[in-house]
Amino acid sequence: QDLPILPLRNTVAFPFTIVPLIVGLPRSVKLIEETMEKSRLVGLVAMKDASIEQPTPEDVYSTGTIALISKVIHLPDGTLQVIVRGLERMKIQQWVATEPYLKAQIEVSPDQVVESVESEALRRSLLDLSAQVAQYMPQVPAEAVELMRRVTDARLLTYLVASNLKMEVPDAQELLALDSLDDKMRKLISLLGRELELLELGKKIQSEAQSEIEKAQREYYLREQLKAIQKELGDDEGQASEIEAYRQKIAASGMHDEARQEAERELDRMSKMPPQSAEYGVIKTYLDWLTALPWQSVTPDNLDIAHARQVLNEDHYDLEELKDRILEFLAVRKLRAERGLNEATTTDDEVHRAGGTILCFVGPPGTGKTSLGRSIARALGRKFTRMSLGGVRDEAEIRGHRRTYIGALPGRIIQALKRVGTRNPVFILDEVDKIGADWRGDPASALLEVLDPQQNHAFRDHYLDVDFDLSDVFFICTANTLEPIPAPLRDRMEILTLDGYTEHEKIHIARGYLIPRQIQVNGLREDEVRFEEDAVRLIIREYTREAGVRNLEREIGSICRKAATRIAEGKAETPVVVTQDIVRDYLGKPRFFFEAAMRTSRPGVATGLAVTATGGDVLFVEAAQMRGHEKLTLTGQLGEVMQESARIALSYVRSHCSELGIASCFFDESELHLHVPAGAIPKDGPSAGVTMVTAIVSLLTGTPVRSDVGMTGEITLQGHVLPIGGVKQKVLAAHRAGLKTVILPSRNEPDLKDVPEDVRREMSFVLAETIEQVLKAALEEMPHVESIAVPQPAADVSAN
12 QDLPILPLRN
22 TVAFPFTIVP
32 LIVGLPRSVK
42 LIEETMEKSR
52 LVGLVAMKDA
62 SIEQPTPEDV
72 YSTGTIALIS
82 KVIHLPDGTL
92 QVIVRGLERM
102 KIQQWVATEP
112 YLKAQIEVSP
122 DQVVESVESE
132 ALRRSLLDLS
142 AQVAQYMPQV
152 PAEAVELMRR
162 VTDARLLTYL
172 VASNLKMEVP
182 DAQELLALDS
192 LDDKMRKLIS
202 LLGRELELLE
212 LGKKIQSEAQ
222 SEIEKAQREY
232 YLREQLKAIQ
242 KELGDDEGQA
252 SEIEAYRQKI
262 AASGMHDEAR
272 QEAERELDRM
282 SKMPPQSAEY
292 GVIKTYLDWL
302 TALPWQSVTP
312 DNLDIAHARQ
322 VLNEDHYDLE
332 ELKDRILEFL
342 AVRKLRAERG
352 LNEATTTDDE
362 VHRAGGTILC
372 FVGPPGTGKT
382 SLGRSIARAL
392 GRKFTRMSLG
402 GVRDEAEIRG
412 HRRTYIGALP
422 GRIIQALKRV
432 GTRNPVFILD
442 EVDKIGADWR
452 GDPASALLEV
462 LDPQQNHAFR
472 DHYLDVDFDL
482 SDVFFICTAN
492 TLEPIPAPLR
502 DRMEILTLDG
512 YTEHEKIHIA
522 RGYLIPRQIQ
532 VNGLREDEVR
542 FEEDAVRLII
552 REYTREAGVR
562 NLEREIGSIC
572 RKAATRIAEG
582 KAETPVVVTQ
592 DIVRDYLGKP
602 RFFFEAAMRT
612 SRPGVATGLA
622 VTATGGDVLF
632 VEAAQMRGHE
642 KLTLTGQLGE
652 VMQESARIAL
662 SYVRSHCSEL
672 GIASCFFDES
682 ELHLHVPAGA
692 IPKDGPSAGV
702 TMVTAIVSLL
712 TGTPVRSDVG
722 MTGEITLQGH
732 VLPIGGVKQK
742 VLAAHRAGLK
752 TVILPSRNEP
762 DLKDVPEDVR
772 REMSFVLAET
782 IEQVLKAALE
792 EMPHVESIAV
802 PQPAADVSAN
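In terms of this note's numbering, the sequence shown opens at residue 12 and continues consecutively.
Hints should not be assumed to be uniformly reliable.
Claimed, not checked - When the alpha-carbon atoms are kept at most 25 Å apart in a straight line, the in silico DSS-like pairs for lysine-lysine are as follows: (1) Lys102 x Lys41; (2) Lys429 x Lys260; (3) Lys295 x Lys283; (4) Lys102 x Lys198; (5) Lys238 x Lys295; (6) Lys334 x Lys394; (7) Lys283 x Lys214; (8) Lys345 x Lys295; (9) Lys49 x Lys59; (10) Lys283 x Lys238; (11) Lys429 x Lys334; (12) Lys59 x Lys214; (13) Lys41 x Lys59; (14) Lys694 x Lys642; (15) Lys41 x Lys114; (16) Lys198 x Lys59; (17) Lys642 x Lys600; (18) Lys215 x Lys238; (19) Lys238 x Lys214.
Hints in this document: simulated from the structure, not taken from any laboratory. Predicted, not measured: the structure shown is a model, and the values here were computed from it.
Assemble the whole structure, with the sequences as input and the hints as a guide.
Spelled out as structure tokens, the structure:
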């Protein structure tokens, strides 16, 4: 018998049951309309996949139900509401048509009914279970239960219960496909038993819950109910799977025993909490941090000394002392690795932590401190990360926040290690001299543990609250000056000084590094722009005045951009040769010039040398005399030590008026004013003492100071010139300013070895022990000056 087949979504129709259907597909609508005009019989089969729009014979089950269409209602939206009544079970033998709708040859397949004692026992068991389930379902009236008790036909009872029991389509289809009625009842009893257990469990949970609960409590109750149901069904895939995932992460992370015990303790607490709990999220975040840290992840070191030397030379010019120190570090690690002196065999703690040397690069801005750290990382084959400490005032930035605070996080040390993914990166701590301190704590004190090779193998972050080994991290600090760094922190670091570059070195750096980089950055090719050496020298002298090369690179980049613009517009032929005229054309008027000659052309002005956070610098000391009475005015934001130097200078001049050819009563009838530009910049230190004496003598004798001379040194009341610091930076500053002669204390002669050889060749040095030698070298001819008797210094005069 051929019968039209109507596929059903998410529904299995049983015999003897009334099934309401909504029919909307055009071919299904056509099927119903044509069937109503004929036999009104239709085959109902369930679909295997409800998401398919146009099911084919392969998409439906082969066992279904023959149904009679009882009523059809046409709805306004064009769909049909159809009431069908199941008649008998059927099986599809052969498909005969797919258009305009499915049609198949079917075979009526009634259930196999065997009258026996077992069948009767199954019927009664099914009836009892159905009645028990109905008791837990308030929507089922008592009359319906009584009606079921009056049904004596086991087959009718089976389909009646099956049609009212909530089942998944595969379970319902399996029930329908069973040929034996006894098998059907056994299957149905099993499903009813599980449903009854669920309902009883729900009743138990409901009885234990409070009768009146707020919205949050109600949500908690429902989640607990769901969790209990999932637990009973063995289907707890939510929280349990998450807990198991964390347990696997902890096992795979390689953390040490203390951290693993803490992680497992927190995981046990988490497993006993509801997921919506606030503490649940806190513990989850904590476990995420613990399991994501590189406890055992280490990048193998590249211990090839030749390769490291090549990388350092490729990235930086000169800096031989620093390069040698890095190569020493590599050589030590290589020998220790080759000779088996590893952590497992070494007992001496100091040797055990020898690999954790902390370096501190100190120098003016733009001298390559941070970029040198990147080169070290590349030479070692390690990952690179950095942390800027400029302006950091909160200790928690280093050590992290305790987990009791909302939004707590680990410190930036731990964050950087998680981000880089290894526990032995090259770690740059930038601007360590600019750390602040306030009521939130002192970050510099927190760094004491981080930067101590004897302690940092057990660094304890406040958030993690377990030890983390930082001994394999290659820490490198950078600073502009050493003075702001606390002494305990400075004591933990090996200080390596980067002084300013000479003009010769800047030319090499520009041609070897800066110009190729700026040509590439600005979209040019190497053969399109060429800088002449005189043009680079002009940029250095007239457009930059710095210890480093940052502004030099900025000006070179400006020229490259202007050249790129003209090449892009077709206004320039390649290659563009950058000459001195093009530099002046592109960069405009010069920003710097040698002003010592202009400043010292009149008496009363002397050229001094100083050290600042940006390297060495030239400063001018100006003296002026006016009517008054024994008054000394000091301006220029001078510190206490510098003010004392000014008073010492005045006292020395007054006590040696006759030898200097100055009227002994000059201070009785006039007052002096000493000014050190620029007035907005604070200045301090004793090294301007000789400069102040020279300026005062120049003013009172009317003798100008030589325009090509710079000087530095501390003075005493007896006229001795005492040593000072920062000789190399001061000489380089004098060289940048175009000075040809530098007056230094004689006891600073050994410091001249640090000055680059090309600078020493271009300059002359006067080593003075007394102020008389300074005046003779600094002032122009003074025939009336007598020899000044200077007492011999004591043997224990200390250097400053």
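To see whether the hints hold, each was checked on the structure:
1. Lys102 x Lys41: At roughly 23 Å apart (the allowed maximum being 25 Å), Lys41 and Lys102 satisfy the hint.
2. Lys429 x Lys260: holds (15 Å)
3. Lys295 x Lys283: This hinted pair holds, its Cα atoms lying about 13 Å apart.
4. Lys102 x Lys198: Holds, at roughly 20 Å.
5. Lys238 x Lys295: Holds. Lys238 to Lys295 sits at ~19 Å (cutoff 25 Å).
6. Lys334 x Lys394: holds (19 Å)
7. Lys283 x Lys214: holds (23 Å)
8. Lys345 x Lys295: violated (42 Å)
9. Lys49 x Lys59: violated (29 Å)
10. Lys283 x Lys238: holds (12 Å)
11. Lys429 x Lys334: violated (29 Å)
12. Lys59 x Lys214: violated (34 Å)
13. Lys41 x Lys59: holds (22 Å)
14. Lys694 x Lys642: holds (22 Å)
15. Lys41 x Lys114: Holds, at roughly 13 Å.
16. Lys198 x Lys59: holds (20 Å)
17. Lys642 x Lys600: Not satisfied, since the Cα-Cα distance of roughly 42 Å exceeds 25 Å.
18. Lys215 x Lys238: Distance ~14 Å between Lys215 and Lys238 Cα, so the pair holds.
19. Lys238 x Lys214: Holds, because 14 Å separates the two Cα atoms, which is no more than 25 Å.
Consistency note: the structure conflicts with the earlier hints numbered 8, 9, 11, 12 and 17.
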